[in-house]
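Start from chain C and add chain Z according to the hints.
So the sequences go chain by chain: C and Z. Residue 787 in the working numbering is what sits at position 60 of the first sequence, and the numbering runs on without skipping anything. Residue 425 in the working numbering is what sits at position 165 of the second sequence, and the numbering runs on without skipping anything.
Careful: at least some of the hints might be erroneous.
[As the list claims (entries may be wrong)] Restricting the straight-line Cα-Cα distance to at most 16 Å, the calculated cross-link-like pairs of lysine to aspartate or glutamate (EDC-like) are:
#1 Lys427(Z) - Glu804(C)
#2 Lys427(Z) - Asp791(C)
#3 Lys427(Z) - Glu832(C)
[What the hints assert, rightly or not] A few chain Z residues that don't get close to chain C, going by computed Cβ distances all over 10 Å:
#4 Glu303
#5 Glu538
#6 Thr570
#7 His643
[Stated by the list, open to error] Sample of chain C residues at the chain Z side, in silico, Cβ under 8 Å:
#8 Ala759
#9 Leu821
#10 Ala825
Read the hints as simulated data drawn from the structure, not as lab findings. In this text, a Cβ means the ideal position worked out from N, Cα and C, and glycines have one as well.
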Amino acid sequence: MPQYLISVWHDDTFEVDFTTPDAQRLAAQVGAFNEELMEAGAWVFAAGLHPAASATVVRSSGGDVSMTDGPYAETKEQMGGFWMIEAVDLDAALEWAAKGAAACEGPVEVRPAQG
Amino acid sequence: MTDPLDEVFRSEAGRCTATLIRVFGDIDLAEDAVAEAFAIAAEGWPKTGIPPNPGGWITTTARNRAIDRLRRESTRSERHLASHRLHTESMEPDHKPELDRLDDFVDVVADDQLRLMFLCAHPALAVDAQVALILRLLGCLETSEIAKAFVVPEATMAQRIVRAKRKLHDNHASYRIPRAAELSDRLAAVLAAIYLIYTEGHTATSGRTLMRTDLSSEAIRLGRTLAELMPDESEAIGLLALMLLTESRRPARTAADGTMVRLADQDCTRWDRDLIGEGHELVRACLRRNQPGPFQIQAAIAAVYADAATAEATDWSQIVSLYDQLSVLRSNPVIALNRSVAVAELHGPAGGLAALAEIDPASLDNYQPYHAARADLLARAGHQQEAVAAYERAIELTTNPVERDFLVRQRAAL
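Next comes chain C alone, as it looks inside the complex (with noise of 0.2 Å):
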């Protein structure tokens, strides 16, 4: 069956503080997404990742590696976390992407894997 990855994506900025009431809504409301998807068999994988801030990009050219700080896009919108799922065909992964868009009240990209 196709994999679609569903990643969200919002400002650079975005820092969650889990003790705020809007952070428990939205676990919440990601947490029930989560469990729909494998109560369907449609989850693969999903994690939320820590802020771009985070990230270092690692380069290999001819056996010299070098690391840089930062992530490797420095644009203002980040992809904060993702789910990789299964779904018959686009309609049916983009359904599904509405429903973590809601989830996470915020915009989601779909993009189909290879294979």
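Quick look at chain Z alone, frame taken from chain C:
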């Protein structure tokens, strides 16, 4: 390709491709197979003659080529062959009735071409890409013709079509009918595509004649089917009315020698009264529903034109006010251009030029009708030099020889 074969291609390729996509669920496979079938026809038909049912011949040949190719390519999934078996069995005389239920599911939209339109008009594609793809697969337009309809360079359009097909393919988009709840959302792109097919037929990009009536009638046919399938969609009715009312003037658009006649100079007695009657009836039905939309307003404008016994008797103030309503719903430079032409009739050429001056010239610089309309208004306002320059730009841009002759004569008359 010989001329008769070209005609078969124009009238049948879209239908055949749509059917093959339904059967195999693969756009590229369907397109390739139909192209192969036409190549076989190009070789065989000059010797054997055109078969009695050329469309059926092409569909069958293309289907067989596609099956051959699927058998050769072991990487193709069994799913394709299985779906093919389902469809051929239900098409055979001794078909199994229980398979019909599957077809019922698939055949919510009876017409293959219309089904493909809704499938191509997938919300995951940009509207421009949806429309381009529908035109490529169903209108059988050359990429250059689609580019003209969109007023973009050909290379841009070619890339847009390839990307759209690739996106549908990579995303495993299903070639199934959208559910009832999704249908109306996808209608806007379908309507835009049908209207673009119509306008391309109205003034063909290339060829010896001004109009390509096969495209116009194909667009009207699709518009009729759509209006029948979606009788509650006022915009679908509005589009059909607009096309019928525009089509009603076709007999008067060219003189006996094939030269072009402007709307203002047309002999109204040559307009098709049956089409006008049908168009008017549809416009009235739209007005009763009171759910105005861009196609309904354009149909109302066409109805006002059709009402006038002569060009002088046209109710220009009503036309300008309808264009004002249209601009509120959908603001774009082409609508603003058409409004300027109506303003010129109401308030004189200087008023028309003033309305034209409000449009960003860069947005229409590659659009021939903009320069032709501007040239006409400049000439009427007494600005001969500028009018000549504008006609020259219009002549440079037109790709239709009949249109070119008209513009050359207009320039020479200055």
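Compare the structure with the hints numbered earlier in the document and write down the numbers of the violated ones, lowest to highest. 1, 2, 3, 8, 10
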